[in-house]
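So the sequences go chain by chain: A and B. If you use my numbering, the first sequence corresponds to residues 38 to 636, in order. If you use my numbering, the second sequence corresponds to residues 324 to 497, in order.
For the record, the hints were derived by calculation from the structure and aren't laboratory data. Note that this is a predicted model, so its numbers are computed, not measured. Hints may be right or wrong, so weigh each one.
Calculated pairs, DSS-like style, for lysine-lysine (alpha carbon to alpha carbon, straight line, at most 27 Å) [unchecked claim]: (1) B:Lys331 x A:Lys186; (2) B:Lys405 x A:Lys186; (3) A:Lys462 x A:Lys116; (4) A:Lys598 x A:Lys566; (5) A:Lys301 x A:Lys462; (6) A:Lys116 x A:Lys186.
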Amino acid sequence: MSAATLNAATSTADIMTGAEIVLRALKEQGVDTIFGYPGGAVLPLYDALFQQNAIRHILVRHEQAAVHAAEGYARSTGKVGCILVTSGPGATNAVTGLLDALMDSIPLVCITGQVPTHLIGNDAFQEADTTGITRPATKHNYLVKDVKKLASVVHEAFYVARNGRPGPVLIDLPKDVMLGSGPYSEAPTAPHRSYRPQREPNAESIQQAIRLLKGAKRPIVYAGGGIVNAGPEASRLLTEFVRLTGFPCTNTLMGLGTYPASDKQFLGMLGMHGTYEANLAMHGCDVMLNIGARFDDRVTGRLNAFSPGSKKIHCDIDQSSINKNVPVDVAIIGDAGLTLKALLEAWQADSQPQHTGALAEWWSKITEWRANDCLRYRQEGSIIKPQHAIRRLYEITQELGRETFITTEVGQHQMWAAQYFGFDKPNHWMTSGGLGTMGYGLPAAMGVQIAHPDALVIDIAGEASTLMNIQEMSTLAQYRLPVKVFILNNEYMGMVRQWQELLHGGRYSESYSSALPDFVKLAESFHAKGIRVTRAEDLDAGIREMLAYPGTVIADIAVAKDENCFPMIPSGAAHNEMILGEDQEGGVKGVTDEGKVLV
Amino acid sequence: MPDQADNKFRTATIAVLVDNEPGILARVVGLFSGRGYNIESLTVAAVDEERAISRITIVTGGTDMVIEQIKAQLDRLVPVRKVCDLSLEGPHLARELMLIKVVCTGEQRMEALRLADAFRARVVDATTASFVFEMTGNGDKLEAFTALMRPLGLAEVVRTGVIGITRGTYSLKA
Ligand SMILES: Cc1ncc(C[n+]2csc(CCOP(=O)(O)OP(=O)(O)O)c2C)c(N)n1
Ligand SMILES: [Mg+2]
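Chain B with its partners taken away, still in its complex shape:
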C-alpha cells in the first residue's frame, strides 16, 4: 500500500479559475458542504471580464488524500477551467484585506495610532472618537493587530478572506 505516513492534516490554498456564470459559486460551496469539506476562507471576483472568467481562492484543510479529492471534485465541475493548489506549487503569496474600526478617546487613541503605524495600517476614516484602519497582509498579521486593538476599543472587523498567487514566472491560465 502507498505511504500511509501522509495522514497529517494540512492547510491548502486552492486557486480556481471558473466561467463567470450564475450558480457557479453555489456549485463550489455546495460541493464543500455536501461532501463535508471545510472552508476556512473563500473569495471570488471576476478577473477577465472579456472572457467572463472569475478566480476563486479557497483556503481549506485536510489530509493530502482529502485535498487531492477536493481538487479532483472541483476539477470535474463543468464550468471549472483550472484548479491549482498554491500550497504545493512552491512559494506563493497570500494576502487579505481588513478594515477595522476602533472606538476610543484620549491616551488609547494615541496608542492605537502608534500600533497602526508599526503594523503599516492606514487610517482611512477618523472622527474624534473613532478610527477605521485599512490593513493588508497574511492572516497572522491581521490577527495580531486585531488582538492589540481589542483592549483599545475594537468595535468592528471586516476581512475579505485570502487571495493568493504563486511567486516567480509560473502563471495560472485558463
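The following block holds chain A by itself, in its conformation from the complex:
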C-alpha cells in the first residue's frame, strides 16, 4: 500500500464521535476505572461508556467524592486517576477535590460536560464557566471546541497530569463536541512543544550537595511526598541513601512511608504535630537535605526562626518550590528518584571522609531528645484514649499481616494516625495534607479499595469529618467495597476545640458535634455492619470484629472528649518552642498575637 492510500485508509477508519474519541484515548492512556456522576451535558459519554467494557465506571453519590476517590486510586497505584462529571453543578461540586489534588500533587484527569458551544456565554441551563472557575484549582485545563483537536488534548492532559510536579488537569467538553465526529490520533511521541520539566538533576549541583553532606556534623534528611510521586524505587533509594550515610531521617505528613517508620534512623514526622526529636533535629542541624518537600508552613513554623544555622539543600521537580518560603544554598531540580540515584553515586565516588565522630555525637543528642518519649500517653481506666485506639489498630493489623492502606479525614484523628500508625512502604497512606479537606477519607478509601480489591482499607475518621461525605456509604454498598470506617468519636470537632482551648480561652464556639447519628444504625441502613465500642476493655475485640468482617464496617469508637494532640508547635512559634504533652504543658507559651493570625 502506498503512503497515500494508507493515510486515506486510516483516516476513514479512525473517524468516530467525540465521545468515542475520549474513551479510546483514555484506554490508550491506561485508564481502567473512571469515577463519575451523569447529567445532561455528559449523556453522550455515558452512552459510549454503556457500549464498551474496557473502562469501568464507578458511580459515586457526590462529585466531590468522585475526585477524592480518584485521588485515592491514583496515590495508591501511581497511576493517573480519572473523573467524569456533568456541567454546572457537577463541575462546581468537583472543585474542592481538584484543589485538594493540586495542593497534594496528585495526578488526575477530570472530564466535565459543558453546554453546546453555541450556548456558551448565554447563561444556559447548567452552564458554568468551568475553565474559569477551575483555573486556579487545576494544574492546567482545556475547553475543547473542535472535535478534531479532542484526541490530542486528551493525550496532552495525561502527559501534563503525570509529568513534572503531578496535578489535576481538567477537560471541559461541550456536548456538541462529544456528538460531533472527528479523527482519532494516538498519543504523540515527539516532545511537548512547551512543557518539558527537567527530570535529570544537574551534575554540578549534585557535587555541591555532596560536599555539604560529607562535611556535615549535624545532618538531617527531610523527605516528602515528592518521593511518593517519583515511584516506589525512589523510596528504596531514599532508604539506601539514609542507611549508607547514617543520617537521621524525618518525613513530612505527605511523605510518610517513603522511609520505613520502624527503622531506627527514622525520627518520625516533623512539623506542627511532629515529634520532639524530628523538630529539634531540624532546628539544630547544620546541613539539611530536603527531598520532595516544600517547606510548608505546617513544617517550618515561624520562618525567621526555622533551622537558623543550617545549610540547606532542596531537591524538587518544581522550580517554583525553590526559594519560595525558605532561601536555600543548593537547589537541585529534578525527579526525586533520579536525584537520589545521583546522590548515592556521587556519595560513593567521593573520597572525602565523613565526620563520623561528630555524627555519633549528633546521634547521642538525638537519642536524648528521643528519651523524652514525646508520643507517650497513659491509657488508664475505661475511657479510650484516641492515641491508644490507633496504636491498637496498628498493632492488630500488623499481627494480621494483610496489606493495609490507611486514609484519613482531617482533624486530631488525622494527626494521631500520622503519629501512631507506622508506615513502612510508600503509597499506603492517603491524607489531605495541603488543603486539609474534611470528607476526604471515606471517598479516598473507596478509590483505594477499587484499585486493591483484596487489601484492607481503613479510613481513620473523626465523627464530624466523616459526615461530610457519608453519602458514599451507598457507593460502598453498591460495589460491595469492604472499607472499614474507624471513627474516633470525641463528639467534638476536636482540632477546632483544641485551638479554642489553647488560643481562645476555652470558648468552644460551635465546635461541639451535636445531634450525631447512631452510627451503628447508619451503617446498617447502608447495608453495612455497625460496631460501637465505648470501653477500653472492649477495644481490641471491636477492632478484631471490624477487621474480621468481610464487608463494609463503621466502627464508632467513643474516645476521650477532651484529649489534645501533642506535641504541638503553635502557629507563629519556632521548632524549639514546642508544647509537649499535658503533663509538661504549663500553659501555652510561644503564641504571639502574630501567631494567632495564622491558621
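Given chain A, work out where chain B with the ligands should sit, using these hints.
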C-alpha cells in the same frame, strides 16, 4: 544561609513567549492576582502568527526572591514557552507608546506645540481647539511630557504599557 542582603525591592521587566490560545492571558493575570504579585504594566500581542505565539511583557516589582518566584511560576504554566527577565539579561530597551489629547487655544496652543517638538512628539490629529500627540519612549519621558501638558489643557491620555527587548545579539526564541 544565603545572602540576605538582596532583600531590596526592584523593578523587573519580564518577557514571556506563550502559545496564543484562549485563556492564556487570564492564566497569567490570575497567577499575579492569586499570588499577590503586582503588575505595573502588561502588554500582549501575537508576534508569530504562523506558530501562534504571542509575546507578553510584564513590568513588576519585588525582592529578588519574589521575582525569581514570579519567573518560576510563569515558567510552569503549560502554554508558556519562554520566560526572560530583561532587567537581568543585560542592557535592554523598553518603550511605550502614548496618545495624548490636549484641548487648548491661543498662546497655550503654541506652547504645547513647542514642547511637543522638543520631546519629539508627533501631531497625529489637530483641530482649532485640540491636538492629539503621539509619543514613544520610556515611562519617565512620557510622564514628563504629560506633566508639562497638564496646565496647558491635558484632556486624555492613553498608553500601551511597556514592551521590551534586549540589546545586542542575544535573542529570545520559543
Ligand atoms: C471542609 C472543611 N471544613 C472545615 C475545616 C476546619 N476543620 C479542621 S479540623 C476540623 C474538625 C474535625 O472534626 P472531626 O472530624 O471530628 O475530627 P477530630 O479533630 O475531632 O479528630 C474542622 C472543622 C476543614 N478542615 N475542612
Ligand atoms: Mg471529632
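Hint check:
This hinted pair does not check out: Lys331 (chain B) and Lys186 (chain A) have alpha carbons roughly 47 Å apart, beyond 27 Å. For the suggested pair Lys405 (chain B) and Lys186 (chain A), the alpha carbons sit about 24 Å apart, so the restraint of at most 27 Å is met. Among the hinted pairs, Lys462 (chain A) with Lys116 (chain A) is consistent with the structure: their alpha-carbon atoms are about 17 Å apart, no more than 27 Å. Our distance criterion of 27 Å between C-alpha atoms is met by Lys598 (chain A) and Lys566 (chain A), whose separation comes to about 24 Å.
For the suggested pair Lys301 (chain A) and Lys462 (chain A), the alpha carbons sit about 15 Å apart, so the restraint of at most 27 Å is met. Note on Lys116 (chain A) and Lys186 (chain A): the hinted pairing holds, with a Cα-Cα distance of about 24 Å set against a maximum of 27 Å.
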